[in-house]
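Protein chains: 2
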Amino acid sequence: MNSIILSIGDELTLGQNIDTNSAWLSRQLAAAGCDVLAHLTVPDNQRSIEQAIYECGNRTDFLIITGGIGPTADDLTRQALSVVMRQELVLDDLWLKRLEDFFKSRNRDMPESNKIQAMIPMGATLIDNVNGTAAGIDATLTFDLPVPGHAPRKHTCRVFVMPGVPKEMMAMFTRDVLPPIAKAASGAIILSKSLHTFGVGESHIAEKLGDLMNRGKNPSVGTTVSAGIVTLRINSRFPTREEAQKNLNQTVAACRAAVGDLIYGDDDQTLQQAVADLLKQFGKTIATAESCTGGLLAKMLTDTAGSSNYFQTGFITYANEAKYQRLGISMEVINLNGAVSEIVAAAMATNAKRLAKTDYALSITGIAGPDGGSEAKPVGTVFISLAHESGVTTKQFHFPGDRDWVRDRSAKMALTMLRYYLLGKPTPF
Amino acid sequence: MNSIILSIGDELTLGQNIDTNSAWLSRQLAAAGCDVLAHLTVPDNQRSIEQAIYECGNRTDFLIITGGIGPTADDLTRQALSVVMRQELVLDDLWLKRLEDFFKSRNRDMPESNKIQAMIPMGATLIDNVNGTAAGIDATLTFDLPVPGHAPRKHTCRVFVMPGVPKEMMAMFTRDVLPPIAKAASGAIILSKSLHTFGVGESHIAEKLGDLMNRGKNPSVGTTVSAGIVTLRINSRFPTREEAQKNLNQTVAACRAAVGDLIYGDDDQTLQQAVADLLKQFGKTIATAESCTGGLLAKMLTDTAGSSNYFQTGFITYANEAKYQRLGISMEVINLNGAVSEIVAAAMATNAKRLAKTDYALSITGIAGPDGGSEAKPVGTVFISLAHESGVTTKQFHFPGDRDWVRDRSAKMALTMLRYYLLGKPTPF
Chain E
1 MNSIILSIGD ELTLGQNIDT NSAWLSRQLA AAGCDVLAHL TVPDNQRSIE QAIYECGNRT
61 DFLIITGGIG PTADDLTRQA LSVVMRQELV LDDLWLKRLE DFFKSRNRDM PESNKIQAMI
121 PMGATLIDNV NGTAAGIDAT LTFDLPVPGH APRKHTCRVF VMPGVPKEMM AMFTRDVLPP
181 IAKAASGAII LSKSLHTFGV GESHIAEKLG DLMNRGKNPS VGTTVSAGIV TLRINSRFPT
241 REEAQKNLNQ TVAACRAAVG DLIYGDDDQT LQQAVADLLK QFGKTIATAE SCTGGLLAKM
301 LTDTAGSSNY FQTGFITYAN EAKYQRLGIS MEVINLNGAV SEIVAAAMAT NAKRLAKTDY
361 ALSITGIAGP DGGSEAKPVG TVFISLAHES GVTTKQFHFP GDRDWVRDRS AKMALTMLRY
421 YLLGKPTPF
Chain P
1 MNSIILSIGD ELTLGQNIDT NSAWLSRQLA AAGCDVLAHL TVPDNQRSIE QAIYECGNRT
61 DFLIITGGIG PTADDLTRQA LSVVMRQELV LDDLWLKRLE DFFKSRNRDM PESNKIQAMI
121 PMGATLIDNV NGTAAGIDAT LTFDLPVPGH APRKHTCRVF VMPGVPKEMM AMFTRDVLPP
181 IAKAASGAII LSKSLHTFGV GESHIAEKLG DLMNRGKNPS VGTTVSAGIV TLRINSRFPT
241 REEAQKNLNQ TVAACRAAVG DLIYGDDDQT LQQAVADLLK QFGKTIATAE SCTGGLLAKM
301 LTDTAGSSNY FQTGFITYAN EAKYQRLGIS MEVINLNGAV SEIVAAAMAT NAKRLAKTDY
361 ALSITGIAGP DGGSEAKPVG TVFISLAHES GVTTKQFHFP GDRDWVRDRS AKMALTMLRY
421 YLLGKPTPF
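Residue numbers (this note's numbering), protein chains in the order written: chain E, 1 to 429; chain P, 1 to 429.
By construction, these hints were calculated from the structure, which means they are not laboratory data.
Since we're looking at a predicted model, the values are computed, not measured.
Even glycine gets a Cβ: it sits at the ideal position worked out from N, Cα and C.
The reader is advised that the hints may include incorrect statements.
As the list claims (entries may be wrong) - Straight-line distance between alpha carbons at most 30 Å, and here's what the computed DSBU-like set of lysine-lysine pairs gives: (1) E:377 with P:97; (2) E:246 with E:193; (3) E:115 with P:217; (4) P:97 with E:395; (5) E:193 with E:208; (6) E:395 with E:357; (7) E:395 with P:104; (8) E:377 with P:167; (9) P:167 with E:395; (10) P:104 with E:425; (11) P:395 with P:280; (12) P:284 with P:425; (13) P:217 with E:167; (14) P:97 with P:115; (15) E:208 with P:115.
What the hints assert, rightly or not - Listed next, with one range per pair, are the computed distances between beta-carbon atoms: (16) E:428 with P:227: 30 to 40 Å; (17) P:266 with E:59: 37 to 47 Å; (18) E:147 with P:144: 16 to 26 Å.
Just chain E, same shape as in the assembly (with noise of 0.2 Å):
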């Protein structure tokens, strides 16, 4: 069984609002084992509507249709459903009824453009709207598919036109939707997990991996990069949920095999999360001194409920002056190694953690840009340091790209390193 997802709407196709139905709909239809097959985008123009409801239809087992069902004169889905299916609109006297209920109730007169909304295309169903005005449609296609040298194939596709407001649309899609679409659907289900790593880049994962992201793989494993997070996808597909869980767990365990202590979390987790976990759990506590990251490296470690078990206070010192006023890290030692040496960072992480009376303390000094960076000393130039109970370890790093980019992967570098040590681990890079 599979599935396209049509969405309507101008504001779409013009990039006022960004699509989040679409996602929704093809999770819940993954966990119901019906394949997306697309999804697609049209504008409010009853041609195009037809002509996507024509050619999503013949090549899927359901369509599923959101918005176009609004009173006004731009919804027009109902219009061109009627159109493909050949059958006219006629008028459900309940949902009338139901209409002028609902502008009774708040001492309003019912426009007559709302009407429109008790019309379907005959042979077609209504479907419930428990949250406003806009009925849903439930309806059969019919097509005779072309086959060379034979007689046409039959195909059928049942449509569901929903609103496109997202708040009506979900309750409607799982109360009158999805049942029916999870029956059919041949029982194959897909399960999914996401494991999170940071401090290589996808293609160093990718040859971790190495035959679990091959093609046609069931679980199928394929990564993705966001703002430096490189995360796993496994997906496992099977007839039951039972093999479909005992396929997963398998293949998620070869994955944690295959890439190790990058993994820093799955799903909803972060790394800040990770980060929080691991310091509660050995009961130690942190102080941060930041210069380029200008206080992100703290707040990331305050992302968390709770985060006052670990982190009491952090030094923002951006300016030299402020490394010597709040660290103590004298003048000469600045001007002679620069801010942004290993030297100064080691210093305000050794520093930071004498001061903050903690069992650790991080450090970032560099060059975020655009401006201040030296043939020597590139933007993207960054030490970072983490005092600990022996000392205190500091490497640098040339994070590419602009300043928001180095800030965000200092950040999480640092906490990264700071993640290797509490695990007892040497960093891989």
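Assemble the complex: chain E is given as a structure, and chain P must be docked to it using the hints.
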């Protein structure tokens, strides 16, 4: 001139990621006078991608493709394009060199799998990627479209393939894809302007706008909300760029008159950029003292290049002890009033200003949640102080939402208080 936007990726059709690229691209294309006929999304399946390229290509002037050009086995867009073009993939020596240099500069060997990123269909042109290893592809498809009773009609479609990573895609589109499209596009021009506000709700802004928001107006005015920022979107659609620009300017001026100082910037301008500009304009410096926001305010103040002009240091005093140690606020005052109180907020700002020797200081202390709330001071209670030439101004707020929201709104409100102070105006909240 028209276009179709084609997005490639299992993570999209499985609903694991929301497609934000298509909306962004649509806005750019509309502004250039290029109609968007549809958005289409298909999974990482070579046959599906081939079919999508073929079917979209034969009905549009420009096919804008994002995704599927990474180095891994599930990146299949270049292979699919090569099949539709009937041109084999050939190695681009210059880009291979760029890739090798990229890895060399990071002291890493280039994985063999990355070599595919230097291959494009013969006859296509490579598009530079200044932010990553995935070069884009610029190609032309030609079709013989059947015309009943006549000779086939020649149709050509220019195809641009770009990375799916938004930042890389946006940079590539702006630099190398949009210019040829804008040149070719003719006809109705849509020019847009966004005006951003912070401090009051969407319905308050709508009330101030009044008739300007009426349906059917051209230019049209709508509002959207994102992360507390209420944005006015003004779209002006006219046959010529001059008319579109003139009418846009008039409506923008009317909106500015109606909404006033709540508007802090337009289009890509951020609240922190607006505040930075004012600080630089007046030659003033600022320090921060943060409790619940944990560094977020300082991070925002240093988001913009050149922030060293006005920002030197910040105090993150998350724990009470840190408020005493770092800012010299007596434990007696803290214990008597609570860390989340007007007096502690005022002391944080006053002492930060004195210690940092700045013109101003902003402080934030509040209950971000989910824990720590009480009946007298529920989650979302936040005190923000601004220390200035003539003393200190403190305001109490109650922000709705979860931890992230409360922290985000607190930092934005602190920036907004400073903004109104620098403008010499009283705050409207």
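Each hint tested on the structure:
With a C-alpha separation of about 23 Å, the suggested pairing of residue 377 (chain E) with residue 97 (chain P) holds against the 30 Å cut-off. Among the hinted pairs, residue 246 (chain E) with residue 193 (chain E) is consistent with the structure: their alpha-carbon atoms are about 12 Å apart, no more than 30 Å. About 25 Å separates the Cα atoms of residue 115 (chain E) and residue 217 (chain P), which keeps this hinted pair within 30 Å; it holds. Proposed proximity of residue 97 (chain P) and residue 395 (chain E) is supported: the alpha carbons are some 28 Å apart, at most 30 Å.
The suggested pairing of residue 193 (chain E) with residue 208 (chain E) holds, with an alpha-carbon distance near 18 Å, which does not exceed 30 Å. A hinted pair counts as satisfied when its Cα atoms are at most 30 Å apart, and residue 395 (chain E) with residue 357 (chain E) qualifies at roughly 23 Å. Annotation: proposed proximity of residue 395 (chain E) to residue 104 (chain P) holds, straight-line Cα distance about 18 Å (limit 30 Å). Distance restraint check for residue 377 (chain E) and residue 167 (chain P): the Cα-Cα separation of roughly 25 Å lies within the 30 Å cut-off, and the hinted pair is therefore satisfied.
Only pairs whose Cα atoms come within 30 Å are accepted, and residue 167 (chain P) paired with residue 395 (chain E) is accepted, the gap being roughly 27 Å. Our distance criterion of 30 Å between C-alpha atoms is met by residue 104 (chain P) and residue 425 (chain E), whose separation comes to about 26 Å. For the hint linking residue 395 (chain P) to residue 280 (chain P), the alpha-carbon distance of about 25 Å falls within 30 Å, and the restraint holds. Pair hint residue 284 (chain P) plus residue 425 (chain P) holds up; C-alpha atoms about 17 Å apart against a cutoff of 30 Å.
Only pairs whose Cα atoms come within 30 Å are accepted, and residue 217 (chain P) paired with residue 167 (chain E) is accepted, the gap being roughly 28 Å. For the proposed pair residue 97 (chain P) and residue 115 (chain P), the alpha carbon gap of about 10 Å is at most 30 Å, so the pair holds. About 17 Å separates the Cα atoms of residue 208 (chain E) and residue 115 (chain P), which keeps this hinted pair within 30 Å; it holds. Look at residue 428 (chain E) against residue 227 (chain P): about 35 Å separates their beta carbons, and that is inside 30 to 40 Å.
Our hint of 37 to 47 Å for residue 266 (chain P) and residue 59 (chain E) holds, since their Cβ atoms are close to 44 Å apart. Remark: the range hint 16 to 26 Å for residue 147 (chain E) to residue 144 (chain P) is upheld by a beta-carbon distance near 24 Å.
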